[in-house]
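Construct all of the structure, not just a fragment, from the sequences and the given hints.
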Amino acid sequence: MSNEKLLRCYNRGCGKEFREGDDSEDCSHHPGAPVFHDALKGWSCCKKRVTDFTEFLNIMGCTRSKHSNVKPPEPEPTNKDEKPLEKDEVIEVRKPMKKKEDMLPRPSDDIPKTKLKMTVTDSLRKALEKQKQQDKQEDNEVADNETDEVKPGTVCKNSSCNQTYENESSNDEKCWFHPGAPIFHEGFKFWTCCQKRTSDFSEFLNQEGCTPGSHRWKLTDEEKSKMVVCRYDWYQMGNSVVLSIYAKLPDPEQSVIEANNTLLSVKLIFGGANSFKLNLNLNGVIEPSKSSVLLSPTKVEVKLRKAELGAWNSLELKTETKG
1 MSNEKLLRCY NRGCGKEFRE GDDSEDCSHH PGAPVFHDAL KGWSCCKKRV
51 TDFTEFLNIM GCTRSKHSNV KPPEPEPTNK DEKPLEKDEV IEVRKPMKKK
101 EDMLPRPSDD IPKTKLKMTV TDSLRKALEK QKQQDKQEDN EVADNETDEV
151 KPGTVCKNSS CNQTYENESS NDEKCWFHPG APIFHEGFKF WTCCQKRTSD
201 FSEFLNQEGC TPGSHRWKLT DEEKSKMVVC RYDWYQMGNS VVLSIYAKLP
251 DPEQSVIEAN NTLLSVKLIF GGANSFKLNL NLNGVIEPSK SSVLLSPTKV
301 EVKLRKAELG AWNSLELKTE TKG
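For the sequence shown, my numbering gives the first residue as 1, with consecutive numbering after it.
I should point out that these hints are in silico values taken from the structure, not numbers from a laboratory.
Fair warning: there could be bad hints in the mix.
To be verified - Here are the simulated BS3-like cross-link-like pairs (lysine-lysine), alpha carbons at most 30 angstroms apart as the crow flies:
no., residue 1, residue 2
1, LYS66, LYS174
2, LYS290, LYS136
3, LYS290, LYS248
4, LYS290, LYS318
5, LYS115, LYS132
6, LYS277, LYS218
7, LYS151, LYS16
8, LYS47, LYS130
9, LYS303, LYS267
10, LYS113, LYS277
11, LYS299, LYS318
12, LYS136, LYS48
13, LYS303, LYS277
14, LYS248, LYS71
15, LYS290, LYS277
16, LYS189, LYS41
17, LYS41, LYS113
18, LYS136, LYS126
19, LYS157, LYS174
20, LYS318, LYS303
21, LYS151, LYS126
22, LYS47, LYS290
23, LYS189, LYS174
24, LYS157, LYS318
25, LYS277, LYS130
26, LYS66, LYS218
27, LYS66, LYS267
28, LYS267, LYS126
29, LYS248, LYS136
30, LYS48, LYS126
31, LYS267, LYS115
32, LYS277, LYS47
33, LYS48, LYS115
34, LYS299, LYS189
35, LYS136, LYS113
36, LYS41, LYS126
37, LYS218, LYS248
What the hints assert, rightly or not - Restraint-style ranges between C-beta atoms, simulated for each label pair:
no., residue 1, residue 2, range
38, GLN195, SER240, 47 to 55 angstroms
39, GLN137, ARG305, 38 to 46 angstroms
40, ASP26, LYS151, 13 to 21 angstroms
From the three backbone atoms N, C-alpha and C, an ideal C-beta is built for every residue, glycine too.
Structural data, given as structure tokens:
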């Protein structure tokens, strides 16, 4: 038995160990950069997108080549410095906000909510129909092949394991994984279950698990249907506030968006089985009967009609705390 030290492959998405001098093209990896956009995660080099971070870590590499123990360079951050004002550029000056005593009295939060008028774009209807046909085909394939048997090449679903199923002996191998959640904070990347922190994304992806256990080759039904966090932002015009929620393929039949004069409640089902909930105590008063929702393939736009003109200094009402 050779005592030769094994090297760790730093190609993104591989993370396997190999012997120095191994020239076989046995490395399955991603040559591109990680992409996180609108709650979806994937790699710039291939089309597959997922919402779950563990699934992202387990996306099979799209390129085969030799293993490498050299860390790939981190992508350079893009410089988005603000441009100086041009000579003819106009600076908008808004009217001062109304004083509290001049505003309409705030209605009770207990008023029953009503569903906002919803419009679905033709492009979303077509995209949903296409997705429905694809899901039906996949369901038929799953039904035809429904079995407890694990196929060779299946990647372990535990975070950072990266081991693949070859045969029944794979079940006897120890699985090292991270039971915690990934955290990205102030440039550092780490897992909640262990102390190690790094600023290098490739090193984070290849960080060995901190907990031993058994391999897990399949996701549970609960894991397949996920509650996710969607990015959202807002802007305002004179008589309205527009809230944009970035969710791919929102389902108009299962999604519910309702409001009263002061509260907004959003429940989205999108991308098949993903769900997102948002409850806002609005900073100003709105008219639900004149508010509306527009669903498109990539986002949900909620247009709230203000009960009175004037700028909101924030989307949500800030509760005053006594010092």
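Quick rundown of the hints versus the structure:
1. Our distance criterion of 30 angstroms between C-alpha atoms is met by LYS66 and LYS174, whose separation comes to about 26 angstroms.
2. For the given pair, LYS290 sits about 38 angstroms from LYS136 by alpha-carbon distance, which is inconsistent with the 30 angstroms threshold.
3. For the hint linking LYS290 to LYS248, the alpha-carbon distance of about 26 angstroms falls within 30 angstroms, and the restraint holds.
4. A C-alpha spacing of about 25 angstroms is found between LYS290 and LYS318, which places the hinted pair at or below 30 angstroms, so the restraint holds.
5. With a C-alpha separation of about 25 angstroms, the suggested pair LYS115 and LYS132 falls inside the 30 angstroms cut-off, and the hint holds.
6. Straight-line distance between C-alpha atoms of LYS277 and LYS218 comes to about 27 angstroms, which keeps the hinted pair within the 30 angstroms bound.
7. Distance restraint check for LYS151 and LYS16: the Cα-Cα separation of roughly 20 angstroms lies within the 30 angstroms cut-off, and the hinted pair is therefore satisfied.
8. A threshold of 30 angstroms between alpha carbons decides the hint, and for LYS47 with LYS130 the separation of about 17 angstroms falls inside it, so the pair holds.
9. Distance restraint check for LYS303 and LYS267: the Cα-Cα separation of roughly 16 angstroms lies within the 30 angstroms cut-off, and the hinted pair is therefore satisfied.
10. Annotation: proposed proximity of LYS113 to LYS277 holds, straight-line Cα distance about 16 angstroms (limit 30 angstroms).
11. Between LYS299 and LYS318 the alpha-carbon distance is near 26 angstroms, which keeps this suggested pair within the 30 angstroms criterion.
12. Simply put, LYS136 and LYS48 have alpha-carbon atoms about 19 angstroms apart, close enough for the 30 angstroms limit, and the pair holds.
13. Only pairs whose Cα atoms come within 30 angstroms are accepted, and LYS303 paired with LYS277 is accepted, the gap being roughly 17 angstroms.
14. Using a Cα cut-off of 30 angstroms, the hinted pair LYS248 and LYS71 is violated, with the two alpha carbons roughly 33 angstroms apart.
15. For the hint pairing LYS290 with LYS277, the CA-to-CA distance comes to about 23 angstroms; that is within 30 angstroms, so the pair holds.
16. Between LYS189 and LYS41, the direct Cα distance comes to roughly 16 angstroms. Compliance with the 30 angstroms bound is thereby established for this hinted pair.
17. Proximity of LYS41 to LYS113 is assessed by CA-CA distance (about 34 angstroms); at most 30 angstroms being required, the pair is judged violated.
18. With a C-alpha separation of about 15 angstroms, the suggested pairing of LYS136 with LYS126 holds against the 30 angstroms cut-off.
19. About 14 angstroms separates the Cα atoms of LYS157 and LYS174, which keeps this hinted pair within 30 angstroms; it holds.
20. Pair hint LYS318 plus LYS303 holds up; C-alpha atoms about 21 angstroms apart against a cutoff of 30 angstroms.
21. Using a Cα cut-off of 30 angstroms, the hinted pair LYS151 and LYS126 is violated, with the two alpha carbons roughly 34 angstroms apart.
22. Between LYS47 and LYS290 the alpha-carbon distance is near 40 angstroms, which puts this suggested pair outside the 30 angstroms criterion.
23. Between LYS189 and LYS174 the alpha-carbon distance is near 25 angstroms, which keeps this suggested pair within the 30 angstroms criterion.
24. In summary, the hint linking LYS157 to LYS318 is not supported, as the alpha carbons are separated by about 41 angstroms, beyond the 30 angstroms threshold.
25. With a C-alpha separation of about 25 angstroms, the suggested pairing of LYS277 with LYS130 holds against the 30 angstroms cut-off.
26. With a C-alpha separation of about 29 angstroms, the suggested pair LYS66 and LYS218 falls inside the 30 angstroms cut-off, and the hint holds.
27. Note on LYS66 and LYS267: the hinted pairing is violated, with a Cα-Cα distance of about 47 angstroms set against a maximum of 30 angstroms.
28. The straight-line distance between the Cα atoms of LYS267 and LYS126 is roughly 22 angstroms, inside the 30 angstroms bound, and the hint therefore holds.
29. Among the hinted pairs, LYS248 with LYS136 is consistent with the structure: their alpha-carbon atoms are about 19 angstroms apart, no more than 30 angstroms.
30. A C-alpha spacing of about 20 angstroms is found between LYS48 and LYS126, which places the hinted pair at or below 30 angstroms, so the restraint holds.
31. This hinted pair checks out: LYS267 and LYS115 have alpha carbons roughly 11 angstroms apart, not beyond 30 angstroms.
32. Of the pairs offered as hints, the one joining LYS277 and LYS47 holds, with about 27 angstroms between alpha carbons and a cut-off of 30 angstroms not exceeded.
33. The hinted pair formed by LYS48 and LYS115 fails the criterion: a straight-line CA distance of about 35 angstroms is larger than 30 angstroms.
34. The hinted pair formed by LYS299 and LYS189 meets the criterion: a straight-line CA distance of about 28 angstroms does not exceed 30 angstroms.
35. Between LYS136 and LYS113 the alpha-carbon distance is near 35 angstroms, which puts this suggested pair outside the 30 angstroms criterion.
36. About 24 angstroms separates the Cα atoms of LYS41 and LYS126, which keeps this hinted pair within 30 angstroms; it holds.
37. Note on LYS218 and LYS248: the hinted pairing holds, with a Cα-Cα distance of about 25 angstroms set against a maximum of 30 angstroms.
38. A beta carbon spacing of about 49 angstroms between GLN195 and SER240 agrees with the range 47 to 55 angstroms that was offered as a hint.
39. Distance hint for GLN137 and ARG305: a CB-CB separation of about 43 angstroms, consistent with the stated range 38 to 46 angstroms.
40. The hinted range of 13 to 21 angstroms is satisfied by ASP26 and LYS151, whose Cβ atoms lie roughly 19 angstroms apart.
Hint compliance for this structure: hints 2, 14, 17, 21, 22, 24, 27, 33 and 35 are broken, all remaining hints hold.
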